[in-house]
Amino acid sequence: MDAQAATALPQGIEFERGETAEEMYVNMGPQHPSTHGVLRLLLKLDGELIKDCIPYIGYLHRCHEKIGENRNYIQIIPYTDRLDYLASMYNNWSYVKAVEALMGVKPPERAEYMRVILGELQRIASHLIWMGTFGLDIGNFTIFMYCFREREMILDLFESVSGQRLNYAFFRIGGMPMDFPETFYNDADGFLEWFKGRLPEYDRVMTDNIIFQRRVQGVGILSEEDAVGYACSGPVLRGSGIRWDLRKNDPYGIYDRFEFDVPAGDRGDVWDRYMVRRLEMEESARIVEQALAQIPPGEIMAKVPKTIKPPAGQVYSRVESPRGELGHFIISDGTPNPYRYRVRSPAYVNLSALPAMLKGCLVADAVAVLGSIDIVLGEIDR
Amino acid sequence: MTAAQVLFYLLAAFTVALALMVVLAQNIVRAAVALIFSFCGLAGLYLLLDAEFLAAVQVLIYVGGITILLLFAILLTSRIAGKGVRVLNEQKLLSGLVAVVLVVLLGAAVRRGFPALAARPPQPENTPAIGELLMTTYALPFEAVSILLLVGMVGAIYLARKEPR
Amino acid sequence: MVPLSHYLLLGALLFGIGLFGALTRRHAISILMALELMFNAVNLSFIALSRYLPGSHMQGHVFAVFVIAVAAAEAAIGLAIVLGLYRNFKTVNVDEINLMKW
Amino acid sequence: MRRGATRHSLLVAGKSGRTVDELIQLLAGMGLPGLLAQAAGMLAVCAIIIGYIAVASMFMIWWERKISAHIQVRLGPMRVGGWHGWAQSIADGVKLLLKEDIVPTAADKLVFALAPIVVFATALATYVIIPFGPGLWTKNLNIGVLYYISISSLTVVGIIMAGWSSNNKYSVLGAMRSAAQAISYEVPLVVSVLGVIMVVGSLNMEAIVEYQSSRMWGFFPGHWLVWGQLVGFLVYFTAALAECNRLPFDIPEAESELVAGFHVEYSGIRFAMFFLAEYANMFVVSAIAVTMFLGGWKGPVLTLGFLSPGLAAKLWGLFWFLTKAYFLIFVMMWLRWTLARLRVDQLMHLGWKVLLPIAFLNLGFTGLFLILKDVWWGS
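Chains as they are written, first to last, in this note's numbering: chain A, 348 to 729; chain B, 3 to 167; chain C, 114 to 215; chain D, 1267 to 1645.
Derived from the structure by calculation, the hints contain no laboratory data. Please note that the accuracy of each hint is not assured.
Unchecked claim - The calculated lysine-lysine pairs, modelled on DSSO-like cross-linking and capped at a C-alpha distance of 30 Å, are: (1) D:Lys1375 to D:Lys1361; (2) D:Lys1361 to D:Lys1332; (3) D:Lys1375 to A:Lys391; (4) A:Lys706 to A:Lys656; (5) D:Lys1332 to A:Lys543; (6) D:Lys1375 to A:Lys706; (7) D:Lys1375 to D:Lys1332; (8) D:Lys1365 to A:Lys398; (9) B:Lys94 to D:Lys1361.
Claimed, not checked - Simulated restraints on C-beta separations: (10) D:Lys1361 to B:Ala121: 55 to 61 Å; (11) D:Gly1467 to B:Gln93: 52 to 58 Å; (12) D:Ile1535 to A:Pro528: 42 to 48 Å.
Quantities reported herein were computed from a predicted structural model and do not represent experimental measurements. A virtual CB, placed ideally from N, CA and C, is assigned to each residue, including glycine.
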């Protein structure tokens, strides 16, 4: 047993020694279909019961922050895309907002509307991917294709706007580089119409299915105190019953002009986190509709110097990404490169609550709980 | 030799060889697998004895039930078993002697008691006959066995249950 | 035709092998397996006798059914005991389990 | 020794093992000695069944891919072979045959090699009793249903052998799950089938089919046992899904939890054997359900002018049997692509606390009904 434990554990990590001898150490990942990338979970199992769990990360580390310090402010934008590659718009947004705050630039109103529209569409796309892969995690393969069908439409919209389908690098410091093409409004309306018709379809396959409900209800419970204690954010925090959404609680841009609800759960189980995301898709569609109706004509780019040299100082800017509070912290020393560039990644923080959620679950639950956190390894490892 | 004879000696050799493997194999899972196949060989022998009902029950209960339970317990208690572990205790010689003497005695008894009885009397169809016997002549033992099974089940659950903390 | 005595000899041989295993194996589950082997040897004899003896009226089959039922109960309880032993002693080798009370 | 006695003692033949015996007699008529003719006849039947399994499984794999694709709003294989990718399975099969045979260093080589053979052989052995049509069976065993039940319980042995010998933690977990699942679902399966056996009063597959042959008002299959034994049928079908390790009960191989469960380490031809066995088992389970609940090969028989009536009846029997069986297979595929996977404890809960009591209730009510029928209408 000891020899086995020694080979399973990385150096310096130790589990509490249990008293029963039926324990088994299992490496879940880094090559495993349900870790959504290269995450490694060390599970201490008693039969199928999870006694303990240690997430072990770093397989995708690529010195994102250090690279940031060696690039000028504009060059960083495409790098941020690669953080949370399923919601690139938000990475752009959070970073650009930080630099704008540092420089004291205010983007024009139309650019703000464009950001909201693209951002909320991105949220829908990200939640769709999450829903599809969550379906795979618990063995429902069909929802995956349904979700990807709609996500494909959103990507088509993004392609018509930015020319890119995944890593857009579309936000600029001070505004947006290009206006929407003429066809965009019609296409976006058409998509929203179609999408609302599809939501009941998802419900039939997932939400209303009794097996699905049994699989997720009461599993992986994260109490309110724990959620706050682990500094969780986004759907994980809201699933635990705390209505905390930066769009409401710390409104940035023009979010105070839209009407939308912040869904929240009450038990903090996988089901609540699922329902929060499921309802958020509807709310995002509502916001996009309002924004499309309100969007004013006008400039899309503020006056910004060619070389960006923010005055010395520091700033922390955050947005509500699909995964939670995505923040960029920048220290400027007045040169064209940031002195320090740091990312507060929501998935990383949320992942730290995984062991708390997993205690006493079964192996099958581990997959569901991990899926319910909605991790993106590109963001966790940076 | 008729087909029945050929089959009998083949199956007998197969069963005995696997039974030897059960008691001598280094690795306990291999022993269990050998046990499964020797049960299958015995089921074949039952078929040769026109006991098709018992052959099916043999496969169903012994192979599908008991040995699966055994394998389950092996997987629970021993990890991939190490090689070179001593599998027999110190009583090898003594118990070997006991077993050999027993077989010789039994063989002698068989030779003396059942001299070359080879003709088979006609036999009723298996399944209904057994069912009828169980429900009429042997109803009491049948009920006793069901109670035994119930007691066994309760006992097994009690023993295997984890102590409440 | 295969004479009855061959079946009975085969049964005796299997019983002997099972006995040897039950007496010598160290692993508790191995002992259970050897016991099952002995049960089966007996069953074979029962069925063979029932088939060959005139006027046997399937009684051998009925007894074999009972033996199988008892063997199933024995296996379940035996395995539960093995699991209990393993939990308490961290071993299933019966010659290492030499305490009456822990 | 009498010929009839040999057959009886060796193969436990029922009243009429028609088609196979005809074949053996044909071979014997060609001058082969009796034993050899019998062996040749058996080999021929074996070859036919293996051929059927191979072709049917390939078809089912292609079919499942198409069904899943259309459920999931995509097209599935479209390229290989031209028309809707019909040759995709053949191409896959060839690929699997040509792949390198990898045996992990730490595996128990003998058991590792035996496991897929055991699984496939059990799947093959169950085909013995399937009555494809009037006279179209390998052996019409007196203990047909019991034979199926006992042989099908062997599959799990192969699975445990595979899981343990791979020397991989995921496969051991898969094997343990599989053992637990097989034991738990064997019981409701058997009990649900008992209802049918009580009504018919025989374990013989032909007798069960014949019992269901008459129809109401000339066309309605009112004597199909599925009407009286609807509960039994549903319990049987659910337990059978679990026996085949199909979603929602595919926890022994759950790809998102245990990667692939017991066959993680298998590749090439050995993996192909597991795969074939899975589809072969699906067919067997459906075939048994059709025989016991859906009237077997019975259906409207139209005369075909150019065939003798006996042959026409056989062909129509085959047609109806396969139609019903493949309908059930379609339902299994449909379920797989729309439902989520159960968790281990939920699986046990369903097996022991839901299916088993229902099956016992069904059994009790069936017995009560039979007794009341005897009392009121007399025997």
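Checked hints:
1. D:Lys1375 to D:Lys1361: 23 Å, holds
2. D:Lys1361 to D:Lys1332: Given that 30 Å is the threshold and the Cα spacing comes to 20 Å, the pair holds.
3. D:Lys1375 to A:Lys391: This hinted pair holds, its Cα atoms lying about 28 Å apart.
4. A:Lys706 to A:Lys656: 49 Å, violated
5. D:Lys1332 to A:Lys543: 28 Å, holds
6. D:Lys1375 to A:Lys706: Answer violated: Lys1375 of chain D to Lys706 of chain A is near 37 Å, above 30 Å.
7. D:Lys1375 to D:Lys1332: At roughly 37 Å apart (the allowed maximum being 30 Å), Lys1332 of chain D and Lys1375 of chain D break the hint.
8. D:Lys1365 to A:Lys398: Distance of about 40 Å is beyond 30 Å: violated.
9. B:Lys94 to D:Lys1361: Roughly 52 Å separates the two Cα atoms, so the pair is violated.
10. D:Lys1361 to B:Ala121: 55 to 61 Å: 58 Å, holds
11. D:Gly1467 to B:Gln93: 52 to 58 Å: At roughly 53 Å between Cβ atoms, Gln93 of chain B and Gly1467 of chain D fall inside 52 to 58 Å, so the hint holds.
12. D:Ile1535 to A:Pro528: 42 to 48 Å: Once the Cβ atoms are compared, 55 Å apart, the range 42 to 48 Å for Pro528 of chain A and Ile1535 of chain D is violated.
Going down the numbered hints, you'll see the structure goes against 4, 6, 7, 8, 9, 12, while the others check out.
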